[in-house]
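Sequences listed follow chains R and G, in order.
Numbering follows the working numbering, in which position 371 of the first sequence is assigned residue number 371; successive positions increment by one, without gaps.
Numbering follows the working numbering, in which position 81 of the second sequence is assigned residue number 81; successive positions increment by one, without gaps.
The reader is advised that the hints may include incorrect statements.
As the list claims (entries may be wrong) - With beta-carbon atoms standing in for the labels, derived distance ranges:
#1 R/Gly75 to G/Pro127: 44 to 52 Å
#2 G/His45 to R/Gly135: 50 to 58 Å
#3 G/Pro127 to R/Gly286: 30 to 38 Å
In case anyone wonders, no lab produced these hints; they're calculated from the structure.
Where a beta carbon is used, it is the ideal one built from N, C-alpha and C, also for glycine.
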Amino acid sequence: MSKNYEYVPEPKLIKGDHTFGSITNLIAKTPLSSTPKLWYLAFAVANLLLIILLGSVGYLIWDGIGIWGLNNPAGWGWAIINFVWWVGIGHAGTLISAILFLFRQGWRTAINRFAEAMTIFAVMCAGLFPAIHVGRIWVIYWVFPIPNQMGVWPNFSSPLLWDVFAVSTYFTVSLLFWYVGLVPDFATLRDKAKSKAAKITYGIAALGWTGSFRNWWNYEKAYMILAGLATPLVLSVHTIVSFDFAVSLIPGWHSTIFPPYFVAGAIYSGFAMVLSLMLVARKIYGLEEIMNIDIMEKMNLVMMVTGNLVAFAYLTEGFVAWYSGYIYEQGIFWLYVVGPYAWGFWILMFCNVITPQFLWSKSIRRNVTLTFIISIIVNIGMWFERFMIAVVSLSTDFMPSSWDYYSPTLWDILIYVGTFGLFFTFFLLFLRFMPMVAIAEVKGVMPQADPHNYDEETNDFIEARAEPTMANQQTVQQKSE
Amino acid sequence: MTTKNKNVHGILAEFRNPKELIDAAEMVKDSGYNNFDTYAPFPIHGMEKAMGLKDSLLGWIVLAGGLAGMIGALALMIWVMGYEYPLNISGKPYINIPVYVPITFEMTVLFAAFAATFGMFALNKLPRFHNPLFNVERFKKASDDGFFICIEASDDLFSENEVSKLFTDSGATHIETVYDSE
Numbered sequence: 001m002s003k004n005y006e007y008v009p010e011p012k013l014i015k016g017d018h019t020f021g022s023i024t025n026l027i028a029k030t031p032l033s034s035t036p037k038l039w040y041l042a043f044a045v046a047n048l049l050l051i052i053l054l055g056s057v058g059y060l061i062w063d064g065i066g067i068w069g070l071n072n073p074a075g076w077g078w079a080i081i082n083f084v085w086w087v088g089i090g091h092a093g094t095l096i097s098a099i100l101f102l103f104r105q106g107w108r109t110a111i112n113r114f115a116e117a118m119t120i121f122a123v124m125c126a127g128l129f130p131a132i133h134v135g136r137i138w139v140i141y142w143v144f145p146i147p148n149q150m151g152v153w154p155n156f157s158s159p160l161l162w163d164v165f166a167v168s169t170y171f172t173v174s175l176l177f178w179y180v181g182l183v184p185d186f187a188t189l190r191d192k193a194k195s196k197a198a199k200i201t202y203g204i205a206a207l208g209w210t211g212s213f214r215n216w217w218n219y220e221k222a223y224m225i226l227a228g229l230a231t232p233l234v235l236s237v238h239t240i241v242s243f244d245f246a247v248s249l250i251p252g253w254h255s256t257i258f259p260p261y262f263v264a265g266a267i268y269s270g271f272a273m274v275l276s277l278m279l280v281a282r283k284i285y286g287l288e289e290i291m292n293i294d295i296m297e298k299m300n301l302v303m304m305v306t307g308n309l310v311a312f313a314y315l316t317e318g319f320v321a322w323y324s325g326y327i328y329e330q331g332i333f334w335l336y337v338v339g340p341y342a343w344g345f346w347i348l349m350f351c352n353v354i355t356p357q358f359l360w361s362k363s364i365r366r367n368v369t370l371t372f373i374i375s376i377i378v379n380i381g382m383w384f385e386r387f388m389i390a391v392v393s394l395s396t397d398f399m400p401s402s403w404d405y406y407s408p409t410l411w412d413i414l415i416y417v418g419t420f421g422l423f424f425t426f427f428l429l430f431l432r433f434m435p436m437v438a439i440a441e442v443k444g445v446m447p448q449a450d451p452h453n454y455d456e457e458t459n460d461f462i463e464a465r466a467e468p469t470m471a472n473q474q475t476v477q478q479k480s481e
Numbered sequence: 001m002t003t004k005n006k007n008v009h010g011i012l013a014e015f016r017n018p019k020e021l022i023d024a025a026e027m028v029k030d031s032g033y034n035n036f037d038t039y040a041p042f043p044i045h046g047m048e049k050a051m052g053l054k055d056s057l058l059g060w061i062v063l064a065g066g067l068a069g070m071i072g073a074l075a076l077m078i079w080v081m082g083y084e085y086p087l088n089i090s091g092k093p094y095i096n097i098p099v100y101v102p103i104t105f106e107m108t109v110l111f112a113a114f115a116a117t118f119g120m121f122a123l124n125k126l127p128r129f130h131n132p133l134f135n136v137e138r139f140k141k142a143s144d145d146g147f148f149i150c151i152e153a154s155d156d157l158f159s160e161n162e163v164s165k166l167f168t169d170s171g172a173t174h175i176e177t178v179y180d181s182e
């Protein structure tokens with residue numbers, strides 16, 4: 001037996017027989033055609049949930065945070081859980097748009113626009129919770145360093161204030177990155193639009209973009225720099241979110257593993273959310289050739305890796321609790337497993353440790369239905385992870401005499417469910433009015449886009465030339481002769 | 001013809017594909033033209049060499065933005081925590097640089113990202129209300145599947161006949177004069 005390296009052509013990124021023009025038509029047709037009936041139905045449901053959110057938040061502001069299920073040891077409940085959950089979901093979008101861009105992963109172009117939109121709306125949902133949990137929301141501006149008549153300034157040593165800066169920077173940078181990516185596609189829609197209103201609206205959004213190469217030259221530089229900035233940013237944001245816990249002295253929180261563990265969990269849940277949304281949208285909008293099975297498989301691989309990182313972090317937590325010799329740390333870990341919230345722990349184990357193991361099988365990774373089910377389970381699991389961290393550590397802290405059982409009230413539940421209304425209202429508007437796939441970027445990764453794939457004499461495109469450039473090394477085993 | 005009172009903006013030529021565009025751009029550059037540009041629905045690899053473009057200045061703008069964010073954030077925190085509103089937190093020093101790292105980092109990234117985005121638009125002279133190229137109906141393809149070169153009338157070597165001949169020689173499928181107004 002000997003090992004031999006052989007070039008194997010990588011599967012095409014875009015399936016089917018597409019030209020630049022057919023890609024434009026495929027993606028631009030949704031924002032430019034009339035609204036489908038199903039969209040109105042979905043939008044009505046999303047709006048209903050949004051109204052529930054606005055109503056419950058209104059009541060919260062009217063009556064105070066006493067309407068939540070918080071009690072004396074558990075001063076943080078669903079609000080922080082939901083905050084961390086939504087921010088974590090957002091991280092996949094930045095990972096896809098920035099980190100995979102720096103690694104030159106051409107397959108990201110099929111889903112980056114979509115995932116970035118998800119990031120922005122998820123961060124909006126996340127940002128709601130810290131804002132409303134302060135109780136007196138009308139003075140929320142105190143978190144910002146604004147000169148005021150009281151001569152008071154925020155405490156820059158507090159991780160909670162770091163969070164304000166991290167999340168607001170994250171939202172702003174994601175929005176800028178998203179908009180920069182959208183400008184050339186708005187120009188495409190402006191040029192394709194038939195109605196006057198659409199021409200004017202997309203025209204304003206496109207800022208007069210012509211596709212001039214002198215502009216592309218600065219644009220590519222800007223895109224690369226933004227990706228380079230967003231990469232450490234996304235890692236820093238969930239690190240700082242984990243500092244909210246890790247910098248305190250509560251057993252189960254005061255742990256150096258939190259930053260990497262939170263970041264891995266964030267990417268894990270985010271990929272699950274992108275998959276859940278993508279598998280539905282590609283069906284409805286007929287984008288199966290762009291958001292194809294190969295891309296789904298790659299995303300499943302990312303989910304499998306990060307899922308196992310998270311599972312490894314759980315093991316490490318248990319090991320460190322035992323090895324530290326610190327009884328409170330050991331106690332809290334034991335309480336996770338057999339304590340009053342053990343049901344949550346076992347849901348978590350099922351969703352986050354057992355479920356991703358199915359992804360070792362290639363046929364499951366390439367199965368749309370099973371992937372969809374796994375992605376939903378992972379999202380549920382990641383919610384329970386934050387539940388276990390936030391609630392269990394607080395409600396069973398140092399002194400058993402001060403322990404209390406935390407349960408949410410109706411308002412906790414309504415506000416959480418309502419954030420889906422906020423998310424889907426924006427997401428549906430995005431699907432309806434914006435190009436949901438980055439048109440210019442998809443064209444850029446097509447083999448036709450590379451001048452080297454053309455014949456020197458006739459200037460015609462040669463399909464065969466495109467293949468070696470996308471080749472991949474694979475080990476094949478040969479029988480010895 | 002009603003072209004009498006119009007100024008010529010330049011001559012626009014369409015090519016079949018990225019390869020022809022890049023070859024034509026090289027020819028235009030080698031013929032000595034400076035005020036020309038190529039238009040495509042996506043950035044084409046190697047075009048900067050064919051057109052002879054210098055490296056973008058954007059990196060320096062972003063560096064300035066990032067430094068402004070970093071220095072600004074540090075200065076604000078040192079001033080507030082050290083002098084304006086000192087808070088004693090577990091007896092730790094008032095000016096405590098390590099705890100300022102997260103916010104300094106975030107502000108550096110924020111200002112650098114603003115510089116990258118708005119710097120890019122400024123270098124590209126966008127937003128722009130109107131562009132003479134939009135007078136050409138055909139130019140709509142530039143954001144779809146068309147590949148164009150425009151040599152502008154402001155170039156010293158510009159002459160309609162010469163430019164048209166150059167484009168014909170380089171294999172343009174369509175040549176059209178662009179006017180400042182419709």
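Evaluated hints:
Evaluation of the 44 to 52 Å hint for R/Gly75 and G/Pro127 yields a pass: the beta carbon distance comes to about 48 Å. The hinted range of 50 to 58 Å is satisfied by G/His45 and R/Gly135, whose Cβ atoms lie roughly 56 Å apart. Distance hint check for G/Pro127 and R/Gly286: the Cβ-Cβ separation is about 33 Å, which falls inside the suggested range of 30 to 38 Å.
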